[in-house]
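J.: Put the two chains together into one complex, using the hints given.
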Amino acid sequence: MTDPHVHPYIPNTAPEVRAEMLAAVGAASVDEFYADVPDGLRLGRALDLPEPFAAEQDLERHVSGLLARNVPTTERLSFLGQGTYQHAVPAVVDEVIGRSEFLTAYAGEPYEDHGRFQALFQYQSLMGELLSMDVVNVPTYDGFQATGTALAMAGRMTGRRRVLVASDVLPAKLSKVRDYVRVHLDLEPVVPVDGTADVAAVTERLGDDVAAVWVETPSRTGAIEHRLQALADAAHAAGAVLVVGTDPVGYGVLTPPAEQGADIVCGDIQSLGLHQWYGGAHAGFIAVHDDPRFVMEMPSRLFGLATTDVPGEVGFGDVAYDRTSFAHREEGKEWVGTAAALWGIAAGVHLALMGPQGMRDLGEVLLARTAYAQRALAAIPGIRLTDGAAHLREFAIDVAGAGLTANGIVDALRAEGIEPGVPAGEHELVVCVTEMTSQRDIDRLAAAITGLVAASAAESADTLDTVAIPEEHRA
Amino acid sequence: MSLPIAPKPAIRRFHQARWDEPVIFELSTPGERGVLVTPIEPGVRDAVGDVVADLPEGLARRTPPALPEMGQMRVLKHYLRLSQENLGADLNVDVGQGTCTMKYAPKVNERIITTPKLAAMHPLQDPADAQGALEIIWRTERMMAEISGMDEVSLHTQGGSAAIWANIAMIRAFHEANGEGEQRREVVTTIFSHPSNAAAAKAAGYDVITLHPDADGYPDLAALKRVLSSRTAAIMVTNPEDTGIYNPAIREWVDAAHGVGALASYDQANANGILGITRARDAGFDVCHFNVHKTFGTPHGSGGPGTGANAVSAALAPFLPGPRVVREGDRYSVREAGPLSIGAIGPFHGVVPNIVRAYAWIMALGADGLRAVAETAVLNNNYLMKRILEIPGASAPYATGRRRIEQVRYSWQELFEQTGVGSEEIGVRASDFGMHYWTSHHPYVVPQPFTLEPTESYSKAELDEYADVLAEIAREARETPEVVRTAPHNQTVHHTHHDDLDDPDRWAITWRAYRRKYPDAVGA
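If you read the protein sequences in the order shown, they are chains E and Y.
All residue numbers for the first sequence refer to the working numbering, where the first residue is 13 and numbers rise by one.
All residue numbers for the second sequence refer to the working numbering, where the first residue is 20 and numbers rise by one.
The hints are simulated quantities; they were obtained by calculation from the structure and are not laboratory data.
All of these numbers come straight from a predicted model, not from anything done at the bench.
Any given hint might turn out to be false.
Unchecked claim - Heads up, incomplete: computed chain E residues facing chain Y, CB under 10 Å, no partners named:
1. Thr116
2. Val148
3. Tyr263
4. Ala352
5. Gln386
Claimed, not checked - The following residues of chain Y were derived to be distant from chain E, with all beta-carbon distances above 12 Å:
6. Met20
7. Leu22
8. Asp170
9. Val246
10. Gly278
11. Ser332
12. Phe435
13. Pro466
14. Arg494
All C-beta atoms, glycine included, are put in the ideal place defined by N, C-alpha and C.
If we strip away everything but chain Y, and leave its shape as in the complex, we get (with noise of 0.2 Å):
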């Protein structure tokens, strides 16, 4: 064929990358070195001898342990291997993975922190060596605070659900110091928030409450009313909830807790819709966190850090966990917590590379930014729903008719009933375009769900791509059914058989287990 080039089929013709590479243990050769340590001076091992030999006894490590043994170049190439076998958000529009916010993370603040002035300096240095970091710690816990109109923030903690702990943590603190420990044993929580408030809330030593929402999808209120008590330490709850529904009554839920002397926190993991828009303080919350990594254009990390940003009303600030980074003048300094604090919640000051990230990406936006990042994502959102809504045998129960703030969840049941081909079979197929694909938490309230929250990162061509990717598989599922059930088919590795990994007998959590286990296995 001659030029010119034909034009690109509808949809995108996309293969991950195969390299088939070995678990890393099969790459081994003995006597290679990845990297070489700085060796012991002849003037120190004069002084001190033969320090493994004069270990106590036993102390002294009797076989190495089985590390590979590999070039550098070796090792680097394995792991770019496997990068490539990693789908990021920067790679494909990630709008699948609802819930979590999946928005650019923008390259400029990766080359701003990375400098030995972040990255070397150490927590216990000289606060007069480190105001540049403190500064930012700080600037940043005083944006939080308006942005969710609380009075005080830590920035302490490194993910959402540590963050959840941080709230509950110091809820119970709280009641202590009030003489209501004892007496305040239940939390009340909502299906459609987070696992994590229902179970650090156990974790904390609560009973823990679960509401499901009226029939139309919005929190129940009644049933609200019905469950508070003076045994209540606390109402945790999402707003907008998973479902991508605001919940109108927000205020009376609030009031109605703080009417039986519970308190009121907030999970802001679906902030990102509501920014500039509303806040946590406008409806009277106690304590809310935002997830930094979500909301705020930190990279997700495979899985973290992240960093959670706890606020807090006056009444709550004491329980903050510390060290706290305070201002005097324009010197900043570190104050111990006090001790009401519920005290170290982790090392120093939290995960500060997403400190640095997070402000430079405020400092990027500012208000009017803020704004434009909440109705850009909640447009995208409404947007994407009337496409996924137009595809036959896809629905979005709850609130006909309604709009959605950043995120939705929908259901397959209809295509499913149609065709048995279900919401986790169309997510392994439409890995073989490109594309994330999350279904929901657990339990699935919503049947054969599906959670999309495009944020405001994607353009509208993307957006119609992924919708079209939908569609598409939807139509596959009609009409060559089989091509949904073996997939994937362009993937790194084929259908992977999962029977293993819940028999403690057969199942392999190291290498090491797997050759115990499997002594017989090529390759172990």
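Isolated chain E (complex conformation) (with noise of 0.2 Å):
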């Protein structure tokens, strides 16, 4: 900095500010205060980084610029899903989660950041009523983050290595999950039957080495899991922990985890008034009931409520904060850092606007709306549903009997501004719905499927007049 180099984010850069400083401190120049960094490893030279844009009008024309070259889905319809969600996110979201005094802190005490305590035990505790548990941490990272966090707490109650992985898992989410406990946990898929997992075959490998059953509902596919008990009783029989990987979304209608046996219940709020943000706004929970086996096991903070000195109060505080690696480092229970409670404040904000109608209202809307696709999709001609298991928002179609390929639709339907699904294999395409896919919007993308599969039979019918058919066989 030879010039005098003014920036409005930086005050003292004000010439006369900082030789006053500098002065006050008895430095002829910064460059005194670097004096045990050595010179062999100083630059020595300006980065090399693009000229800045100085004047704030400038740096903004140039990043919304660049921004505007992308097309939201708000420009296309999109049935895309598999693990970032589209869902109304309320106004009134945006406008809590955009305040200075939230947006802006970070790790005040229970005084100065009494908000942000209460907003996030409130968070909890919304969340504790939508999934019947009375423990809910302050978020983790993302549902990935907090099924590796949860079946690594069952490893460490039980002792034990294996983990019976009872559903399909999103392949990412069981990549980070896989490299995440591979030190102390083997994951050993069951292959589900019908899109659910196989009761029986859990059972039968289920054994006193055995430290989790990892439930997925909704599946990568969407596909509910309706043998929760069943499972959860065969692994508690074998003295193994269920852990329940879910959406909290449909909890408004269906029976959550935990009055199904669930032990441990994690996974992403994302659906929880989070906008999708290019994947970009996802947070975990982690949720168990009030055992404190199970909660000395967490790692992540757990706000409470507490007593003041003034009745009537409501203070909070960390609780069993000795868990923590904030408290002892390497012996704490894994790590904590900094993770995602802005976005735990949102989901908190959403369902306290939502009330128990509103998440009621969307749960049925999301199952009615995944039925009539589900239906809209499987009447066309050589399309079928991969299985028969109730689903809530996504559910996957074999396109292999109208001749077509999953990437084939994708690409096809991309040209008349549809994105309709995720390819999870050669003609399996995964198809999401939400309360913003309205009935026209299906009824579109089972029109232009519709077109292509027309399409595609005609065209095997041209191949079929002019190569297959041997010349004898002809009219």
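T.: In structure tokens, the structure reads:
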């Protein structure tokens, strides 16, 4: 900084102040402060970075210009899910998490940051009601991490290594979880039957070396597990923990896993009031019963109620802080750090706005639209559903019978402004519908795929006509 | 009294908002609604019937969740009141949260990201529809590569500790790929490096060796050499450490690690004072990470989401998490992780709104601006240190007479010995003046610690105000210690009793647990 470089973000670049401060500390130049940085480690040149936009208006024009090259789902018809979901976000949610006081706070104490503690305690409590569980953490990074930690907890509690994976899991999630726990746990897939867990096969493979049975509901393809209690009974009989990975969006209408024997329930809250953000707005929850054997294995912050010197005042503090790596470094449970608190506040506001009736209505519209889309697409000749389970929000279709490939459908429909779903195999397409996807939208998708099937059939007929049918069979 | 208005007192007469707002469940009124859900179309209902009744047995929820029922404005008001009872960096002189780099998160960046062009993007859309997002990710990776000197960068992680985990996960994969996974079972860190270096290494299966500094507070190279061996997988260190002391032998540390075949991982949580001065590559590191929410000006979000930038040498690049953004000509596309990759570290591409904010922050400053950030953060720190050390009872243990980089871990030990008032009590009292204050990570190696990091964002007048407040509290500790001990006095709530928080029979982590455990409580 040889020349004065006064920047609006850096008040003490003002030359007079800078000189005054240097004089106050008795330094001739800022270089004195770097006396411990050896010359051999000095960069000795300016960083090679693009020319900056000093004026705010120019910066905004530049970055907004880049973003303008995006074509968002609001300008397409999107049936994309597989981890990130397009849901309605109430304006009040954005208003609250956009407040400077929440947006720019960090790690204050329960006094000056009382509001943050209360908002996150309420998030825990609102999730607790939705999930019928008494303990919910301050959010961790995402559902992947939440699941990795939930299984690691089960491993620590049981001292065992095997984990039976009873459901279809998103490949990226499986990748993260496997790498996270592989020192301590071995994941063993148990192939589902007709979309949901094969209870007999899981039971067969249970033993006194199994730490956990891991169920995903909805599964990778949106199938709702309907035999959780049987899985829980089998797991518990073997001394194993039932870990249920889930999306909380359906529990206004669906029975929460805790009422069917789940010991640890975990997942992602992006569906609860968060925009899609190109996959950049995820937060993980871990819920357990109010049992210290489980609670003391949780690595996350847990905010709890406390009294104060004044009757009627609601105070807060950290529950069982000694569990954490903040308290005891590597002797704590895993680790804790900056994670996803603001998204937790958002999810809390969302649940408060929705209330019991809103969550019921949402669950019902998701089930109804999903069922409608399943029927609409399965009615197309050559297309069938991959399983007979009940589905929430997502389901898979097999398009082989229509002579199509999943990628072929995606490529063809993108040209019409439709994202029809996510390929999960050569002929398997996972389609997602939410409350944002209307009957008309679904009808448009069905019509577009019907058009492709017809075109494919016509092409096949042409092909048959010209090539495949031997001459002697022709009329 | 008439005009003129009297001068302000020397110390601000702050009072935090006190709305005495109940827990939200107590605000419920049956039948009220906050938002409505789009209805099921008659055509859909006709086609599918009663989907809830048709659910498999036991799947339909029997009793609705006991969420509150509230009109929209009441929900808004409740949360806005809570926000007023919270002290964000935008409102206070946030220099008291050392190690956390509580700098200004520019408002223009909030306006830039608030667009469906970003918020309504799905990560699995056609890459042709995501060129803006992909280009910003790619450009930000390249800028982080230049700032660190490393070859390749991932922006996937959502916080500093997540980035530390990615570092150790890559190190583990590297040694396994070289057939040394079984042999290298130890990770070496220092007590003044962030606790997550030790904790993540342990979670990854390593035995952790923690080194203490030499008598003058400098990382102890001789101690390092004593513990390094063919069993060492990596050193994982912060520099400058949380004391604000830069390790002048950092190159020798890295060389010593390399000498036994270990990797060197650099936690750059404290990079704010060395941007453009010295780089991870210059000291020979294999792996490093920045806390983007600290150094690169994204808001801290009440505790996240943050963003980590993991930067690695070419040798480590194959182990980076995926998916990767790749540039071909002037087009950007997404490539799945390769065979050696640690795989997905989280969903998709990381906290994309933060990546865009960080990109805008760097583009507002450029190379000269980043250097001005570092130099001013260091100037501010040394200025504040001078002011703090003028307060009787405050000290800065270690490296006596030396300058510090971007922060200092101070001690009130002398004041404590003289008055019995400790650092944690001083911190609570600081909140009465509208200030954040933090002690230290545990364990308290520095007795009665406090850690101040002024960053580049606060004016000299604001630094003076912070120092004046601490001087005032130190004076109170001597003259009216009860005022400090019974603090807070000007806060949302009064002195809070923490005994119930460690007793499983009494703790209440949700409202439902509270009602169950305390059925006779008012409001429960």
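J.: According to the definition I'm using, a residue is off the interface if its beta carbon is farther than 12 Å from all beta carbons of the partner; does Pro466 of chain Y meet that for chain E?
T.: holds (17 Å)
J.: Checking the smallest CB distance to chain E, is Arg494 of chain Y really beyond 12 Å?
T.: Label holds. Min Cβ-Cβ 21 Å, cutoff 12 Å.
J.: If you take the shortest Cβ to Cβ gap from Val148 of chain E to chain Y, is it below 10 Å?
T.: Hint holds; Val148 of chain E Cβ to chain Y Cβ min 6 Å, cut 10 Å.
J.: Verify the interface restraint on Ala352 of chain E: the C-beta must sit less than 10 Å from at least one C-beta of chain Y.
T.: At about 5 Å, which falls below the 10 Å cut-off, the nearest Cβ of chain Y leaves the hint on Ala352 of chain E intact, so it holds.
J.: Would the least Cβ to Cβ distance between Asp170 of chain Y and chain E come out above 12 Å?
T.: holds (14 Å)
J.: For the hint on Gln386 of chain E, does the least C-beta distance to chain Y fall short of 10 Å?
T.: holds (9 Å)
J.: Would the least Cβ to Cβ distance between Ser332 of chain Y and chain E come out above 12 Å?
T.: holds (16 Å)
J.: For Phe435 of chain Y, is the shortest beta carbon distance to chain E beyond 12 Å?
T.: holds (19 Å)
J.: For the hint on Thr116 of chain E, does the least C-beta distance to chain Y fall short of 10 Å?
T.: holds (4 Å)
J.: Just double-check Met20 of chain Y for me: nearest Cβ-Cβ distance to chain E has to come out over 12 Å.
T.: holds (32 Å)
J.: Taking C-beta pairs only, is Val246 of chain Y more than 12 Å away from all of chain E?
T.: holds (15 Å)
J.: For the hint on Tyr263 of chain E, does the least C-beta distance to chain Y fall short of 10 Å?
T.: holds (7 Å)
Every hint, counting from the list given before, is met by this structure.
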